Each structure stands twice: as structure tokens, then as C-alpha cells.
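Asker: Sequence:
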Amino acid sequence: MVLFFTSTATTPPAIIYMGRDKVENEELIRYAWPQDVWFHVDKLSSAHVYLRMPDGMAWESIPAELLTDCAQLVKANSIEGNKKDNLTIIYTPGDNLKKTGDMAVGQVSFHNDKKVKRVHVPQRENAIVNRLNKTKDERQVDHEQERIDRIKKENAIRRAAAAEKVHPFHLRAFAFSNMST
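In my numbering, the protein residues as written are 505 to 685.
Just so you know, these hints were derived from the structure itself, not from any lab. Treat the hints with caution; some may be incorrect.
[To be verified] Here are the in silico distance ranges between beta carbons for each label pair: (1) A660 x Y535: 14 to 24 angstroms; (2) A631 x E668: 38 to 48 angstroms; (3) K640 x R663: 29 to 39 angstroms; (4) H624 x K669: 36 to 46 angstroms; (5) N634 x E668: 40 to 50 angstroms; (6) G560 x D606: 31 to 41 angstroms.
Source: prediction; values computed, not measured. The beta-carbon is built from N, C-alpha and C at its ideal position, and this holds for glycine as well.
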């Protein structure tokens, strides 16, 4: 089961999700969208929290309020980290996650360490965690079907963009060929 949360820190609201346990985290690592951003407590065990990036937002410039929501959710879902102040939360794009066969369940590394950012969390902010928990929705997800649907949608968008680029040229070519007759 995947837990979904809605952050109203931005408009439109953003979707944040995480696995219920380390086995579910394995599925999320495998099926994270390239544009999803992965969050984790640095050097401690914690939930793997993902931000489904809203259209037009870059991972390098996530608004501070949304970054805080994600970081607080990670902290709140770390048994050891939830009890500590002054934590570092790391985050990186989903396509930067690296998983090899010799790694423990839930363990990851990165393709490029330069694409890992950090955010400091001084302490737990219950108001944020409570606001996010009120939006929690637990769902069974068919990760493979979701991946297929995402790829189809992305391909359709690419085809439409390519058709728009080609279309005006064909019109001009058609107009010029008709002018010569």
C-alpha cells in the first residue's frame, strides 16, 4: 500500500507519497518517475518520501514551503529521526537513485552525488505533520500499469509537440508549391 498526501504549500497542490514499509520502498525505488523527487533522512533509517513534481517546477527550485512539507513528513516517519532535532534531509530526482543487487532492502545510492541536495530540519513541526496527515490516503497501486500509462501520456505529448513543429512547415511548403502553378 502506498500512502498519498496532498501539500497545499503550492498552487496547485502537490502530491507527496511514500511506502508503508521497506518492501514497498523497493517497489517505489523501481517505479519512481524520473521527475519525482526522493527524500530521506541523511544517515538514519526513514521512510522514502517522494514528491510528484507539479508541471513546470524544477527539482532544483522547489518552493521552500513545499520543501519543508516533504522534509517534515520524512522526519515524522523516521523512528530515530523523529526523536532528534537538527536533522539533515537529503533529496534527489528519482532517476538519480541507484539500486544494485548487493544492496539491502530499501537501501539506495546515487548515480551522481552532485545531484543530491540537503535541507536542514531544526525540529518537528506538528502543525505541518498534522495538516499533511489529514490528507493521507492509502491506496493499492499497480506500479507497472501506472508506468505504462505515464509513458503513453508522455509519448502523446511529444508527438503533439512534434506535429505542431512540423505542421507550419508543411503549410508553407504547400503554399509555395501552389504559388508556382
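Asker: Now look at each hint and say whether the structure bears it out.
Answerer: Here is what the structure says about each hint:
| no. | hint | in the structure |
| --- | --- | --- |
| 1 | A660 x Y535: 14 to 24 angstroms | holds (20 angstroms) |
| 2 | A631 x E668: 38 to 48 angstroms | holds (46 angstroms) |
| 3 | K640 x R663: 29 to 39 angstroms | holds (37 angstroms) |
| 4 | H624 x K669: 36 to 46 angstroms | holds (44 angstroms) |
| 5 | N634 x E668: 40 to 50 angstroms | holds (46 angstroms) |
| 6 | G560 x D606: 31 to 41 angstroms | holds (38 angstroms) |
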